[in-house]
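Asks: Given next are the chains, with one letter for each unit.
2 protein chains.
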Amino acid sequence: MSNKLKGNAVVGQSGGPTAVINQSLIGVIEEIYEQEYINELLGAVHGVEGILNENFVNLKQIPRKKLEVVARTPSAALGSSRMKPKQEHCNQIFEVFRKNDVRYFFYIGGNDSASSAHIIDNLAQEAGYDLKVFHIPKTIDNDLLVTDHCPGFGTAATFVAQAIIGNDLDNRSLPGIKVDIIMGRNAGFLTASSVLARRYEGDGPHLIYVPERPVNMDKFCNDVCEVYDRLGRCLVVISEGICDEDHIPWAQRIQKEVEADAHGNVQLSGSGALAEFISVKLKEVLPGKRMRTDTFGYLQRSFPGVVSPVDAYEARYCGRMAVSYAAKDNTTGSVCMQRFGKDDRYRVETFVTSLDSVAVKTKSLPDMYINEEGNNINESYYEYVSPLAGPLPEVGFLRS
Amino acid sequence: MSNKLKGNAVVGQSGGPTAVINQSLIGVIEEIYEQEYINELLGAVHGVEGILNENFVNLKQIPRKKLEVVARTPSAALGSSRMKPKQEHCNQIFEVFRKNDVRYFFYIGGNDSASSAHIIDNLAQEAGYDLKVFHIPKTIDNDLLVTDHCPGFGTAATFVAQAIIGNDLDNRSLPGIKVDIIMGRNAGFLTASSVLARRYEGDGPHLIYVPERPVNMDKFCNDVCEVYDRLGRCLVVISEGICDEDHIPWAQRIQKEVEADAHGNVQLSGSGALAEFISVKLKEVLPGKRMRTDTFGYLQRSFPGVVSPVDAYEARYCGRMAVSYAAKDNTTGSVCMQRFGKDDRYRVETFVTSLDSVAVKTKSLPDMYINEEGNNINESYYEYVSPLAGPLPEVGFLRS
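Just so you know, the sequences run in chain order F and H.
Under this note's numbering, residues 937 to 1336 are what the first sequence spells out, in order.
Under this note's numbering, residues 937 to 1336 are what the second sequence spells out, in order.
Think of the hints as simulated: they come from the structure by calculation, not from any bench.
Don't take every hint at face value.
Copies of the same chain are indistinguishable here, so a pair counts whether it falls within one copy or spans any two.
Derived EDC-like pairs (lysine to aspartate or glutamate); straight-line CA-CA distance at most 16 Å [claimed, not checked]:
{"no.": "1", "residue 1": "Lys1219", "residue 2": "Glu966"}
{"no.": "2", "residue 1": "Lys996", "residue 2": "Asp1066"}
{"no.": "3", "residue 1": "Lys1002", "residue 2": "Glu1330"}
{"no.": "4", "residue 1": "Lys1002", "residue 2": "Glu1309"}
{"no.": "5", "residue 1": "Lys1002", "residue 2": "Asp1139"}
{"no.": "6", "residue 1": "Lys1001", "residue 2": "Glu1330"}
{"no.": "7", "residue 1": "Lys940", "residue 2": "Asp1292"}
{"no.": "8", "residue 1": "Lys1001", "residue 2": "Asp1048"}
{"no.": "9", "residue 1": "Lys996", "residue 2": "Glu966"}
{"no.": "10", "residue 1": "Lys942", "residue 2": "Asp1265"}
{"no.": "11", "residue 1": "Lys942", "residue 2": "Glu972"}
{"no.": "12", "residue 1": "Lys1299", "residue 2": "Glu970"}
{"no.": "13", "residue 1": "Lys996", "residue 2": "Asp1280"}
{"no.": "14", "residue 1": "Lys1035", "residue 2": "Glu1319"}
{"no.": "15", "residue 1": "Lys1225", "residue 2": "Glu1330"}
{"no.": "16", "residue 1": "Lys1225", "residue 2": "Asp1048"}
{"no.": "17", "residue 1": "Lys1219", "residue 2": "Glu1315"}
{"no.": "18", "residue 1": "Lys1020", "residue 2": "Glu1315"}
{"no.": "19", "residue 1": "Lys940", "residue 2": "Asp1180"}
{"no.": "20", "residue 1": "Lys1219", "residue 2": "Glu990"}
{"no.": "21", "residue 1": "Lys1297", "residue 2": "Asp1159"}
{"no.": "22", "residue 1": "Lys940", "residue 2": "Glu1162"}
{"no.": "23", "residue 1": "Lys996", "residue 2": "Glu970"}
{"no.": "24", "residue 1": "Lys1020", "residue 2": "Asp1159"}
{"no.": "25", "residue 1": "Lys1297", "residue 2": "Glu1319"}
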């Protein structure tokens, strides 16, 4: 025990909430109970903002039973933050750590959080202050580098699949054109997960568009018409980050079109605009048909009651392993997962990667998962996403 | 048995799907098994359209095990229809019934379905053809007259409550302004059900707007600013049918504003437009604040995996009772529910009302449930809606 780094620990949560980000937090708390040489565990309220203001919750005082309820609660229980700390903030954070004898810092978040953690780690090294920093991955977008997949993604994929199963049943019942817009501005992993909803002959989604593969509105409208002519209905899943051939997001293009048309008096903000204009364009090519566009929005990241047990387990495991790597192995870095086996034999092991290898950049949906025409997802993606998702409800039909 | 009306039966589903409309269908099938003098049970594919085209499924041939899976499946398993049959269609339907020796007709749907059933019943009476017609209520809007509440509503209310719990957790985690748009163009029952999400101090929704109480955009913006100033965040729930002081729906007003502004080149279709323009207006009064608007859309009526057990039971019970009233009591009408007792002692009994008492007109959210200012729902509504909803997930916080 004598060569162990003694002192306090800080844990924080950052970026968009997920359904299992609190599992990672509870994983950190659990594992810290085991490390006797770590005195206090301070929970930073609203991430880096909480550190800057020294607004902490003493996490060792929370009853165990309560922690289990928190673990099952979506969203960041400590509060999250969108703040990207600048160099001077990082200096200040480091001073707070030094003042409070903080020797361990665990930061649950995406690639921006990894960047912040990396800067703080560098400051500590420069100052000769012994600090172990660990980033714990979290994102429904699944776009972090190095790791096979990210905690939070499996549950979001389960929600999307479940929602699309419902939308497909709805569309079978009252045939028409239905377009669902899925989160993920730059990465198509979550949108592609809608393939999980295809289980029976004719099941939608019939078309899937991800941001990695540009598509223009004419091609899109033609695709929808073709499916509608063939099946008498069409369920389309589309990423909010869908781009045209100039790699300009549709949402942005639409904004410009409207502003030009309305002489600057109408401004679009994003949330409903893409849905709205897809409806309008499709109505032009399919007049008089039943048409509806829904944007699933925040439900994808914070709907309580739908969870992937694998995702919940892995999120907690990553939290525990971060503490173990930092406290037992005296290392700094980001927790990654590697998968072994598939289907029933699926399992993961964790390993450590450097903070800078996860910081700043993001991962795209690999090209091999996207069909040649750029309007669907290949069967092989099912193998990737299926073990990460939770069980999906069985459904029954009466018509052929 | 001799005085029983012998022949075949037809069952159909109509209007927007719900999560439990198939429970009512299975209820009809179950109870018809018990009536030996009813020969065939024909399921009309896509409601009245299936009857007109004589497109039927023989429902007595479906294995019992499969029926139980269908019962738990959202959306209309036989297919639904938005068609409002005109007099000549009703004549044609009546001819199909006569040709196929149909003596019982069960129609699961809203007030339009009750109207169709009423017209067909009148035709049979005029022709001296002995036909028993029963309407089985179904609507997530809960806007049918006479009955205490409608099958389908309780589950939709559960989904809305669960979604708002998640959105409130999300909003606590990353404070800002969040607006969620709920279904129900004319009736505020579903929007008002978001009160179920309030369980702890400070829980949202902080403001609730229903279509029954007009509000202008300035008052709305002031309300949001007031809550935001006080709490540092604001979760708003708003009906898609929200109206201004001239009783013109916002969605319609917005359409006109944009069309005028854009010289007719921009058209709005509804699904994203209301969300979009609420965002724009709020950004004008609260510039630079986190702002997001989501429209829950079809998820409210067809999300699989979230169900109110009470609603599922009652939907099936209404289906069974329709057959019992028609076949055993030789009556025609619509099934209604009456409640006795509250909380744990809540239970319902069914009774029959005439088809015309349910047809055409709809029910509004009673005024006593809306607060004086018209921006919130009174505590008393909780008592009305709570027994109808399913259990909601427990959540935990770490901050005060």
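Asks: All hints, please: hold or fail.
Replies: Hints versus structure:
In this homomeric assembly, Lys1219 and Glu966 never come within 16 Å of each other (Cα to Cα): the closest approach is 54 Å inside a single copy and 42 Å across copies. Taking the shortest Cα distances, Lys996 and Asp1066 never come within 16 Å of each other, neither inside one copy (23 Å) nor across copies (75 Å). In this assembly of identical chains, the alpha carbons of Lys1002 and Glu1330 lie at most 16 Å apart only when taken from different copies (11 Å versus 33 Å within one copy). In this assembly of identical chains, the alpha carbons of Lys1002 and Glu1309 never lie at most 16 Å apart, being 50 Å within a copy and 38 Å across copies at closest.
Neither within a single protomer nor between protomers do Lys1002 and Asp1139 lie at most 16 Å apart by alpha-carbon distance, with minima of 42 Å and 18 Å respectively. For a Cα distance limit of 16 Å, the shortest separation of Lys1001 from Glu1330 across copies, 13 Å, qualifies, whereas the shortest one inside one copy, 33 Å, does not. Proximity of Lys940 and Asp1292 under a CA criterion of 16 Å is satisfied in neither setting, with 25 Å inside one chain copy and 81 Å between copies. Proximity of Lys1001 and Asp1048 under a CA criterion of 16 Å is satisfied in neither setting, with 32 Å inside one chain copy and 51 Å between copies.
Taking identical chains as interchangeable, the C-alpha atoms of Lys996 and Glu966 lie at most 16 Å apart only when both belong to the same chain, with a minimum of 9 Å there against 56 Å between chains. Proximity of Lys942 and Asp1265 under a CA criterion of 16 Å is satisfied intra-copy only: 13 Å inside one chain copy versus 81 Å between copies. Taking CA atoms no more than 16 Å apart as the test, Lys942 paired with Glu972 passes inside one copy only; the shortest distance there is 9 Å, against 81 Å between copies. Within a single copy, Lys1299 and Glu970 get their C-alpha atoms no closer than 35 Å, and across copies no closer than 60 Å, so neither meets the 16 Å cut-off.
Taking CA atoms no more than 16 Å apart as the test, Lys996 paired with Asp1280 passes in neither setting, with 37 Å inside one copy and 38 Å between copies. Taking the shortest alpha-carbon separations for Lys1035 and Glu1319, neither the intra-copy value of 49 Å nor the inter-copy value of 53 Å comes in at or below 16 Å. For the homomeric pair Lys1225 and Glu1330, neither the shortest alpha-carbon distance inside one copy (30 Å) nor that between copies (42 Å) is at most 16 Å. Taking the shortest alpha-carbon separations for Lys1225 and Asp1048, neither the intra-copy value of 44 Å nor the inter-copy value of 21 Å comes in at or below 16 Å.
For the identical chains of this complex, Lys1219 and Glu1315 are neighbours neither inside a copy (31 Å) nor across copies (43 Å), given an alpha-carbon limit of 16 Å. Proximity of Lys1020 and Glu1315 under a CA criterion of 16 Å is satisfied in neither setting, with 38 Å inside one chain copy and 41 Å between copies. With identical chains, the CA atoms of Lys940 and Asp1180 are never at most 16 Å apart, being 55 Å at best within one copy and 67 Å at best between copies. Taking the closest pair of Cα atoms, Lys1219 and Glu990 never come within 16 Å of each other, the shortest separation being 54 Å inside a single copy and 31 Å across copies.
Taking the shortest Cα distances, Lys1297 and Asp1159 never come within 16 Å of each other, neither inside one copy (33 Å) nor across copies (41 Å). For a Cα distance limit of 16 Å, the shortest separation of Lys940 from Glu1162 qualifies neither inside one copy, at 66 Å, nor across copies, at 52 Å. Taking the closest pair of Cα atoms, Lys996 and Glu970 come within 16 Å of each other only inside a single copy of the chain (12 Å); across copies the shortest separation is 62 Å, beyond that limit. In the homo-oligomer, the alpha carbons of Lys1020 and Asp1159 never lie at most 16 Å apart, since the shortest distance is 40 Å inside one protomer and 31 Å across protomers.
Taking the shortest alpha-carbon separations for Lys1297 and Glu1319, neither the intra-copy value of 25 Å nor the inter-copy value of 51 Å comes in at or below 16 Å.
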